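**Student:** Place chains B and C on chain A using the hints.
Residue numbers (numbering that gives the first Met the number 0), protein chains in the order written: chain A, 0 to 317; chain B, 0 to 115; chain C, 0 to 119.
Note that these hints are calculated values from the structure, not bench results.
Bear in mind that the values here come from a model prediction, so they are computed numbers and not experimental data.
Even glycine gets a Cβ: it sits at the ideal position worked out from N, Cα and C.
Any given hint could turn out to be false.
A few chain A residues that don't get close to chain C, going by computed Cβ distances all over 10 Å [said to hold, decoys possible]:
no.: 1; residue: 77
no.: 2; residue: 79
no.: 3; residue: 100
no.: 4; residue: 289
Some chain A residues close to chain B (C-beta under 7 Å, calculated; not the full set) [what the hints assert, rightly or not]:
no.: 5; residue: 179
no.: 6; residue: 180
no.: 7; residue: 183
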Amino acid sequence: MTVFVIISLRDLFASIILMGVYGLFSASFFALMDAVDVALTEAAVGIAVSILLLLSTLSFTGRAEKKSRQKPFLALIIVFFTGALLVYGTFDLPPFGSATSPAHQHVASYYINESYGETGVANLVSSVLASYRGFDTLGELVVIFTAGVGVISLLSTSQKALKTNGTTNKLVAPMTTHHILRIVSKMLIPFIMLYALYVQFHSDFGPGGGFQAGAIFASALILYTLMFGLQATLAITSQSWLKFFAALGVLLFAGTGIISMLQQHNYLNYNVLASDPIQGQHLGILLVELGVGITVTAVLFQLFISFTGYMLNIRRPA
Amino acid sequence: MIDLLYILAISLIFLGIFCNLAASVGLFYFPDVYTRMHATGVVDTLGTGLILIGLMLLSGWGNALGKLLLILLFTLLTSPTISYVLANTALKRVPADTNEGSECPANSEGEGSSNH
Amino acid sequence: MNVAESFNYWAVMILMMSGLYILIAQGNLVKKVIGLTIFQTSVFILYISMANITGASAPVISEASSQTNLLFSNPLPHVMILTAIVVGISTTALALSLIIRIKRAYDTIEEDEIHDMDAQ
Chain A
0 MTVFVIISLR DLFASIILMG VYGLFSASFF ALMDAVDVAL TEAAVGIAVS
50 ILLLLSTLSF TGRAEKKSRQ KPFLALIIVF FTGALLVYGT FDLPPFGSAT
100 SPAHQHVASY YINESYGETG VANLVSSVLA SYRGFDTLGE LVVIFTAGVG
150 VISLLSTSQK ALKTNGTTNK LVAPMTTHHI LRIVSKMLIP FIMLYALYVQ
200 FHSDFGPGGG FQAGAIFASA LILYTLMFGL QATLAITSQS WLKFFAALGV
250 LLFAGTGIIS MLQQHNYLNY NVLASDPIQG QHLGILLVEL GVGITVTAVL
300 FQLFISFTGY MLNIRRPA
Chain B
0 MIDLLYILAI SLIFLGIFCN LAASVGLFYF PDVYTRMHAT GVVDTLGTGL
50 ILIGLMLLSG WGNALGKLLL ILLFTLLTSP TISYVLANTA LKRVPADTNE
100 GSECPANSEG EGSSNH
Chain C
0 MNVAESFNYW AVMILMMSGL YILIAQGNLV KKVIGLTIFQ TSVFILYISM
50 ANITGASAPV ISEASSQTNL LFSNPLPHVM ILTAIVVGIS TTALALSLII
100 RIKRAYDTIE EDEIHDMDAQ
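Bound conformation, chain A alone (with noise of 0.2 Å):
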């Protein structure tokens, strides 16, 4: 399998594109196992954010890999007992695909069948992810939010220097012999946000939601800071901005919460936010779901700049 590859490859270039591969077979398998949302979570976010921020990485370190002293015996024999015991594990599961297994009693089939009926959404993994289980999700949220906030403090960069180096490196220099590549690009980016939009706000009636939406947008713009630099991308958008943005999505959802308080209900209980309970869900899913979109933006797209900008910087002659 490509894992194999992967493992005896030296070069980690070649290693990080077969992680794409590896992320399509995954998303693929996804699909085909009807999870159709995780497929388009994992092929948005679990490839192409992924791939890009090891890649940037990569630009850095060097693609070689040094061959190791020892031979790794003792790890070896840890993976195989491990594997073992594993594989004994495997044996008390149920069998694939039954419909009988515990994990499809009790509160699965609670949701399955009451969730059109609460909340008046068709896509039942947005009613469970925004509704049901909307505490784990805002603490999903806050984990991106603080992955922006660490990688902000570890990787700064001052956005006088970002503006005055943006040409001078190679790294980021608009590429501007790669004539197709533009005209390509200037024809997709504005479809590309248009879809993300259309994935933001088509969650409830089919597979969609604010990560998967947030990822295709930051991609977008991602796509046009590599064709056209730096700094044209930091002429229509400041990191305090993106800050803000990034903060300011998880406040939407927090203050949701907060609302649904301030009626005497409880944290994130959507029935108070209008007069009849259905509409109260409907908006509640709504707003909480722009949230995550926003904050996911901002943090991917702010990840990929602290990461450019930094080796930029430090690449700077002195």
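**Tutor:** The following block gives chains B and C in isolation, referenced to the frame of chain A:
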């Protein structure tokens, strides 16, 4: 009449699968970066396009037809662009008249090479 | 112990062990991050395999499915895996920024060279 549509769609899909398979076989057997690029860039796009046209014939009039048409346009736009970018980058790294492109890049390039 | 029923799980275990092996045995830090990502993705595949029901449709209610069948795949693991994917790339992003700082401080990202420099 419906049977003819069905047979046409299935034959287009199989033709597309065969094209993709031929592109993958070409990826293994061709000796050089540029010949491999030629095999995959042209034939892969054709194969994916044929599969999508076959699926469009199968889906009938409706929402799915529009979505498949958009996917076809997107594939036709981006797949040749990607092979252009790869070939252009290969041209800047590996000159066409030497035989370096057939080796594994880990042997010919050391540490610290930037890529974009 | 039917092979056809458990094959998914064995493939997942093989992937998981490969990711673990890369994480433990390889010295290069970026390779370790790649191994971590492989490990995480194999766990996602395990969860989604457990959530699948043969003969069920995707967990989206449309007019067609509400009349014909009421058998949907379990949406709860899908939600958990969505969260896990996003948390996974947050971890990867932070790890990669740490690697960039390490490279700047030590000028290498091989684990044993870093240990040697620390021991001096």
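**Student:** Tell me the numbers of any earlier hints that the structure contravenes, in ascending order.
**Tutor:** 1, 2, 3
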